[in-house]
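As given, the protein sequences belong to chains A and X, one line each in that order.
For the first sequence, position 99 matches number 962 in the numbering used here, and the numbering has no gaps at all.
For the second sequence, position 82 matches number 86 in the numbering used here, and the numbering has no gaps at all.
Possibly wrong hints are sitting among the right ones.
Once the Cα atoms are required to be at most 25 Å apart in a straight line, the calculated SDA-like pairs of lysine to any residue come out as [to be verified]: (1) A:LYS901 to X:PRO65; (2) A:LYS901 to X:SER11; (3) A:LYS866 to A:GLY906; (4) A:LYS901 to X:GLY46; (5) A:LYS879 to A:ASN915; (6) X:LYS17 to X:LEU45; (7) A:LYS901 to X:ILE30; (8) A:LYS866 to X:GLN48; (9) A:LYS866 to X:GLU58; (10) A:LYS866 to X:PRO65; (11) A:LYS901 to X:THR9; (12) A:LYS866 to X:GLY44; (13) A:LYS866 to A:PRO981; (14) A:LYS901 to A:GLU873; (15) A:LYS866 to A:ALA944; (16) A:LYS901 to X:PRO66; (17) A:LYS866 to A:ASP918; (18) A:LYS901 to X:ASN104; (19) A:LYS901 to X:LEU92; (20) A:LYS866 to X:ASN104; (21) A:LYS901 to X:GLN41; (22) X:LYS17 to A:GLY906; (23) A:LYS866 to X:ALA42; (24) A:LYS866 to X:ILE105; (25) A:LYS866 to X:ARG61; (26) X:LYS17 to X:ALA42; (27) A:LYS933 to A:GLY906; (28) A:LYS901 to X:LEU99; (29) A:LYS901 to X:ILE105; (30) A:LYS933 to A:ARG973; (31) A:LYS933 to A:PRO981; (32) A:LYS933 to A:THR965.
Chain A stretches covered by chain X per the calculated footprint, using a threshold of three residues with CB under 8 Å from any CB of chain X [what the hints assert, rightly or not]: (33) 896-907; (34) 970-976.
Calculated directly from the structure, the hints in this document are not laboratory data.
Backbone N, C-alpha and C fix where the C-beta goes; we use that ideal spot for every residue, glycine too.
Given next are the chains, with one letter for each unit.
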Amino acid sequence: AQKVTQAQTEISVVEKEDVTLDCVYETRDTTYYLFWYKQPPSGELVFLIRRNSFDEQNEISGRYSWNFQKSTSSFNFTITASQVVDSAVYFCALSEASRGSTLGRLYFGRGTQLTVWP
Amino acid sequence: EAGVTQSPTHLIKTRGQQATLRCSPISGHTSVYWYQQALGLGLQFLLWYDEGEERNRGNFPPRFSGRQFPNYSSELNVNALELEDSALYLCASSLRVAKNIQYFGAGTRLSVL
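Same shape as in the complex, but just chain X (with noise of 0.2 Å):
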C-alpha cells in the first residue's frame, strides 16, 4: 500500500513568486495536514483539511493556502514567498477522525532565494 506522497521533493524559487506542493494520501484517508519544519522553529501545523473544507488552521499568514480534491489530494500555495519560507513542507494523512494517527510524506524542500 502506498504511503503519503509529496511532489515535487525539492523545489526552489525567488522571492516574490509563489510555490505549490502537492500531497497524495494514503489510500482511505480524508484528512490532509500540513506541517511547516523550519531550522530553529522546529515541526509547526499549517492546515488541517478534511472532506475538501479546511477545518483548522496554524498562526501563519494568509498567503499561505491550499485546498482539498475530491480524491482528497492536497495542494499547498504559498503566495509571495519571503526567504524565511524556506523549509521542509511536510504533508500528513489520517482517517476522518482527528484523532487518528498522522502518517506523514518525505516532505517538499522549498527553497527560497
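Isolated chain A, as found in the complex (with noise of 0.2 Å):
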C-alpha cells in the first residue's frame, strides 16, 4: 500500500529560526517519486521539488535543503534561517512509476502547516 505520513500538524517557529518538516512514505514499487508542495493561504499548490527513487543526493536550493534516505523511507525538508513568507502548509507526496493502477496519481501526506512569526 502507498502512504505518505507527515506527523507534524503544526510548527511554529519564529523568523530566522531553521525549521524540518518530517515526510515518511510506505510503497512496494521499487520506482517511485517523491514531491513537496508548498500551499500558501490562496490555495495553490507550488511544486518544490521532485527526487527519484534511484538518487539519495540530498539537495539544496537557497534556504531550502531536502534530506531522501531510503533506509528510513524518509523525505525531509529543512528550511533554513526561517521567513514569514514561508509561512504555508506543506505538502510531501509520492508517486509510482511502474504500478499501472496507480499511474498518474500522487499520494499526499496531511500536510504540514508551518507559521513563521516575526
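Since each chain comes alone in its own frame, lean on the hints to assemble the complex.
In C-alpha cells form, the structure reads like this:
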C-alpha cells in the first residue's frame, strides 16, 4: 500500500530559526518519485522539488534543503533562516512509476502547517 | 507563460444540483489531473486524463465524471451534489509521461448548501 505520513500537523517558529518538516513514505514499488509542494493561503499548490528513488543525493536550493534516505523511507525538508513568507502548508507526496493502477496519481501526506512569526 | 487556470474561483450550489468545474493546462501539457481537498480528508486523487481519455480514477462514486477536450482543457462534473462534496477542487497538468511534475492551479472552491 502507498502511504505518506507527515506526523507534524503544525509547527511554529520565529523568523530566522531553522525548521525541518518530516515525511515518511511507504511503497512496494522500486521506482517511485517523491515531491514537496507548498500551499500558501491562496490555495494553489506550488511545486518545490521532485526526487526519484534511485537518487539519494541531498539537494540544496537557496534556503531549502532536502534529505532523502531510503533506509528509513524518509524525505525530510529543511528551511534555513525561516522567513514570514515561508508560512504555508507543506505537503509531501509520492507517485509510483511502475504500477498500472496507481499511475498518474500523487499520494499526499496530510500536510504540515508552518507558521513563521516575525 | 500562463500556469494552470481554473474557473470559476468559487461555486455555490444546493444539494442535488450539478456542478461543472473547468481547467486549462499549461501550454504543451497533455495530461490533466483532478484532486479533491476536503476538510479533514486531505488531498485525494480524483481523475487523470491524457489525450482525451480517462487514464485513471480514484475512489470516488460515478457521479464524479469529467472529460478532456481536443485542446487538452478539461471539465469536472459532479452530479447530484451532496453536502460532503464541499471542498477545494484542484486541477493539475503535466507533460504526457505520468512521472512528470504535476503543476497545480489555484482551485475551485465548491460549497454545497
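So, going through the hints one by one against the coordinates:
no.	hint	verdict
1	A:LYS901 to X:PRO65	29 Å, violated
2	A:LYS901 to X:SER11	21 Å, holds
3	A:LYS866 to A:GLY906	23 Å, holds
4	A:LYS901 to X:GLY46	14 Å, holds
5	A:LYS879 to A:ASN915	30 Å, violated
6	X:LYS17 to X:LEU45	21 Å, holds
7	A:LYS901 to X:ILE30	19 Å, holds
8	A:LYS866 to X:GLN48	12 Å, holds
9	A:LYS866 to X:GLU58	24 Å, holds
10	A:LYS866 to X:PRO65	22 Å, holds
11	A:LYS901 to X:THR9	18 Å, holds
12	A:LYS866 to X:GLY44	16 Å, holds
13	A:LYS866 to A:PRO981	35 Å, violated
14	A:LYS901 to A:GLU873	14 Å, holds
15	A:LYS866 to A:ALA944	30 Å, violated
16	A:LYS901 to X:PRO66	30 Å, violated
17	A:LYS866 to A:ASP918	20 Å, holds
18	A:LYS901 to X:ASN104	18 Å, holds
19	A:LYS901 to X:LEU92	15 Å, holds
20	A:LYS866 to X:ASN104	20 Å, holds
21	A:LYS901 to X:GLN41	14 Å, holds
22	X:LYS17 to A:GLY906	20 Å, holds
23	A:LYS866 to X:ALA42	18 Å, holds
24	A:LYS866 to X:ILE105	19 Å, holds
25	A:LYS866 to X:ARG61	17 Å, holds
26	X:LYS17 to X:ALA42	16 Å, holds
27	A:LYS933 to A:GLY906	31 Å, violated
28	A:LYS901 to X:LEU99	21 Å, holds
29	A:LYS901 to X:ILE105	14 Å, holds
30	A:LYS933 to A:ARG973	21 Å, holds
31	A:LYS933 to A:PRO981	36 Å, violated
32	A:LYS933 to A:THR965	21 Å, holds
33	896-907	holds (count 6)
34	970-976	holds (count 5)
When each numbered hint is compared with the structure, violations occur for hints 1, 5, 13, 15, 16, 27 and 31.
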